[in-house]
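For the record, the sequence lines run as chains G and L. Converting from the first sequence to our numbering requires adding 2 to each position, the first position being numbered 1. Converting from the second sequence to our numbering requires adding 156 to each position, the first position being numbered 1.
The hints are simulated quantities; they were obtained by calculation from the structure and are not laboratory data. Misleading hints may appear alongside valid ones.
To be verified - Among chain L residues calculated to face chain G with C-beta under 7 Å, some are:
#1 ILE194
#2 TRP201
#3 GLY616
#4 GLY617
#5 GLN630
#6 LYS651
#7 GLY703
#8 ILE719
For each residue, glycine too, the CB sits at the ideal point set by N, CA and C.
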Amino acid sequence: MRNETKVSDLKKAYFILNRIKQAHESGIAKLVWATPEYGDAVACICSDGSVSLWEELPDDSQSLIWKLCHLFEGAATARAVNLQFGLSSTALKMVVAYSDGHVKVYELLDPLELKKWQLQAEFQNVIDSVSRFGNPTCLSASIAWNPHRGDEQQFILGFNSDLPQFNSAKIWEFEEDHQRWVPVAELALPEDKGERVHAVAWAPNIGRPYEIIAVATCKGIAIWHVEQQADQDGRLSTKKVVLLSGHDGEIWQVEWDMSGMTLASTGADGMVRLWQCNLNGIWQEQAALDCCHAQD
Amino acid sequence: MPGMATDAGDQTMVPLSSEVVRDEPAVHPLRLGLRPPISGISISWSRGNLLRVASFRDHDAPDGGDGDVGGKVVEVRLGGRAIDGCGGGVDEARRRRIAYGSVPAFALLQGQRSSFAAVTRMSPYPSLRAEWWENVLDYSKHISSLLGDPKPLPNTVIDDPKTILNKVEEPTYLKAAWELLEIFYVDKQSLAWLPERLVDWLADYDCLLARESATTVHSNLVTLQKKLVSLQVVEDDPEYWEGVSQALAIGWLEIVVKLLRLHGSYQLDQLGDRETENGLVETVAVLVSTMPRMRPDLPPGKLGQCYKTKPDFVKAWEKWRDQINKLDCSAFWFQCGHRQTREGLKSLLHIMLGKVNNLISATGHWMELCISHFLYVRPFTMGLDGTYNLAQKCMQTKPISQAHMLTSLLIGILGENTEVVLAECSKAFGPWMVVHAMELLTAENTQAEALLHEERYNLGGISIVELNRLVYAQVLSSEALTWQIAPVYLASCPKQGFGLLDILLYMQPVQHQRVLLKSLEICRLYELESTSSTIMKIAGMYHWKHGRKGSGIFWLQQARDEIRLSRIAQQLFDFIGKSISDDSFKQWEGMIELLGSEVGTAGGLEFLHKYRDYKKFLQHIRDGIAVDVARQAVESLIQLMRSPSTPPRFWLPLLHDSLKLLDWRDRPLLNVPETNLLLSKLQELSMAKLRPDFYQIETSSQDLSSIRLALARNLGRAILEEGSLNVPNINPHGIHVREM
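Chain G on its own, in the form it takes in the complex (with noise of 0.2 Å):
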């Protein structure tokens, strides 16, 4: 959320961009703000699937530069292919995907210092852990942390992928008793399990009792609402509440406003499609941004 504000001042953004294109052969796939409690920095995954971590500073006449201040290692095999930052209250926490189906979460070691990292956890984004699973060859990963900033540490993930059981979206949660990531929901109806997820978002949630996602496929958006508390099997329960139909073509992305209430989504189709629940709780396209409109 916060991410976005900062592109307000378009004219860094650009300067960024050039900065961090000088330094990489290969071209930009993807930048991602870092929250704002650690510096202005942004991660960018390039097209050959590295990660490179770059850094307002000042330089020794004091004026501010990009730095490249880390570069994640990436395995021979995959390529990142998607990462987001988490708003954690304790430490800063990165997801990176890559295209094998494995999941990488990272931790800031040093709040002062974007260098230092740690591989905090690596698994497939599959809900049973015991099966093996060859590695799928995944086109692209949505991510998308709880925006409270809190103690709460979740995210959801799901992959674009040529292995159903990658794809459809799940809900991690830190377990902090024994220090490692479990699935605590899948939104996803069981017929559609092996949907491919183009986009999901997770609403601000500024007072609800639930949390609202919204996740992706080629069949629509479906806005999902999820329990805060878990069961005693420390699921989180979850409802399908609709199925948002109007994109013409593959959903790109899905983003939620500063309230939650209003979701905006785009597409192959170059519509914005804009939408709200009314007062009976149902679900409306409440205006559409054609961006391929003829010039006059």
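Position chain L relative to chain G; hints supplied.
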């Protein structure tokens, strides 16, 4: 490569409808100025309702030549403005004035509401309505005054007899709507004379109805006014008589009388010939000006006779109607030779007698017809039901092509449909109106109150009132100039207001000192400690990372961020550990000062303070030879070496710095136990080298041996000195200790 992003100044407004049911969403073209094909679109929300849409051209697409950019960003404001429907000529500044001006009244009312709740120990919406509605009325009057007064424009001092309409500033739809709500929902006193309130309302806002109806009384009178200047014999012109009838039909009595007095029979040279005619005109004028009105008072300059109670009024009304009837049947009409006058006056009498056909022909808009019914057909209060039926009938008689905002609103009010009223307010006037008008809607009406305050699961457990306040606050937060008033509205949302406020404050840019201070002030006001600490943490990190270490530490201290502060302290140790030279002393001295000694868990700070003191003593010694200062330095050194908070890796640098003290020229400054302590620390260090967590300090073996040597020499001298104290025979100055 994507081209330079355009400035965020490209703003497009997209209204978001709040209607409950709609079939097809509206599609708004977004003018990005990019040549197709477009390869990607990216969206990101900013504060409030601002959505940034970035689009990128296809890399492989043929270049369209110069000026073709690779990508573009536009900012789209969703849901339109906070305040709409002010009428023409209302600029942003005026809207902002209204937004800011309504804050104190709103806040006061919320305060009064909670004290009411406290006093009555009942629900926040008490049954002590007798007093409560008065508070709401004050609030309503305050808001109404913000929406503009129809102030007379500066006019000539001399009253022009031919000026029938006073020039006033054009009123706004917003104010017209607000007053309607006030009349129906709040002002309890006015309920008894509701028709008269509506007559007054129409007098102020009839000009606004022109949008719905081809002709209104106001527009006709404006035309007549222009014509009057050139007319010699007014009574011959049918438009004159039309104008008089129309003004009478909707109760603009003073205009009727003024127009009648323009009648040619009043002219001195005509009096002789047209005595009866003049008498008839004047009689009608007198009848008009003495019309009984059921209302407490009339503003100065307005005509009619006021009656406060119904029996008095009915009596006067019947007497008045008798007089009109008598005049209607009188024989004088035969003596009046001027046909137009005769017919015109007769038509006035018929209007006053409430003949429906006359009323229909004398009015343009259905609301005018409705008002004329109130005045001449059913002058007694008939209740909302009756009024609603009357309005429906009038609309059938005078259909309008498309219902405009005031019509829709009035129908919603008369139909007692709170949801429709709110939807109309929202559609026509924006979220400001909805939030502020809800106070009026619930002032008197328990049903509306229950509807609007009911907590709904669908809405995430909040009521419609709270939802609308959140929506309004979000619109306010979209703008840099209004976000600061959003907290007032959020604070009145018991369930989700503070959640949104927290996010809003978190999103404010900390780089701007003024914004930062404002955010913190808001946090203090609403006791949002965790939010304030997060903001200060962000500010601290921003400054720290951007080379302003002092500001950084200041804000982190304000945030009580012990983790980061102890890391900073740690960094200082590392820094000092690496280069303990005197040049660097000044660099970190200020920082230690700033860090203070309060950061309890940053334990090493105690050491840093002592170390700073010790360094100061050493400097003094360099400046001049002062034994007492040197002794103080030694004490400081011993304290440092004894203190458990001194990290062992500093022992060696400390000892190295102290060489001069250890080898003091005149006499040994350290006594035997002190020297032994230092020696044991040195010993401990060499033992520690074997441990895995040993922190290697680059010290040359030469340094090490010179420390050892100085310590040994000092020990020797100290033993001798202490020995000489015990054995006074030995001359302490005669002994020279050899190097060991």
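Each hint tested on the structure:
Hint on ILE194/L holds. Least Cβ distance to chain G is approximately 6 Å, under the 7 Å limit. Annotation: interface hint on TRP201/L holds; nearest CB of chain G at approximately 5 Å, less than 7 Å. Hint on GLY616/L holds. Least Cβ distance to chain G is approximately 4 Å, under the 7 Å limit. With a least beta-carbon distance of about 5 Å to chain G, the hint placing GLY617/L at the interface is held under the 7 Å criterion.
Interface hint status for GLN630/L: upheld, as the beta-carbon distance to the closest one in chain G is roughly 6 Å, under 7 Å. Hint status for LYS651/L relative to chain G: holds, with the closest Cβ pair at about 5 Å, below 7 Å. For GLY703/L, the interface hint holds, since its Cβ comes within 7 Å of a Cβ in chain G; the closest pair sits about 4 Å apart. With 7 Å as the threshold, the beta carbon of ILE719/L comes within range of chain G, its nearest partner Cβ sitting at about 6 Å, so the hint holds.
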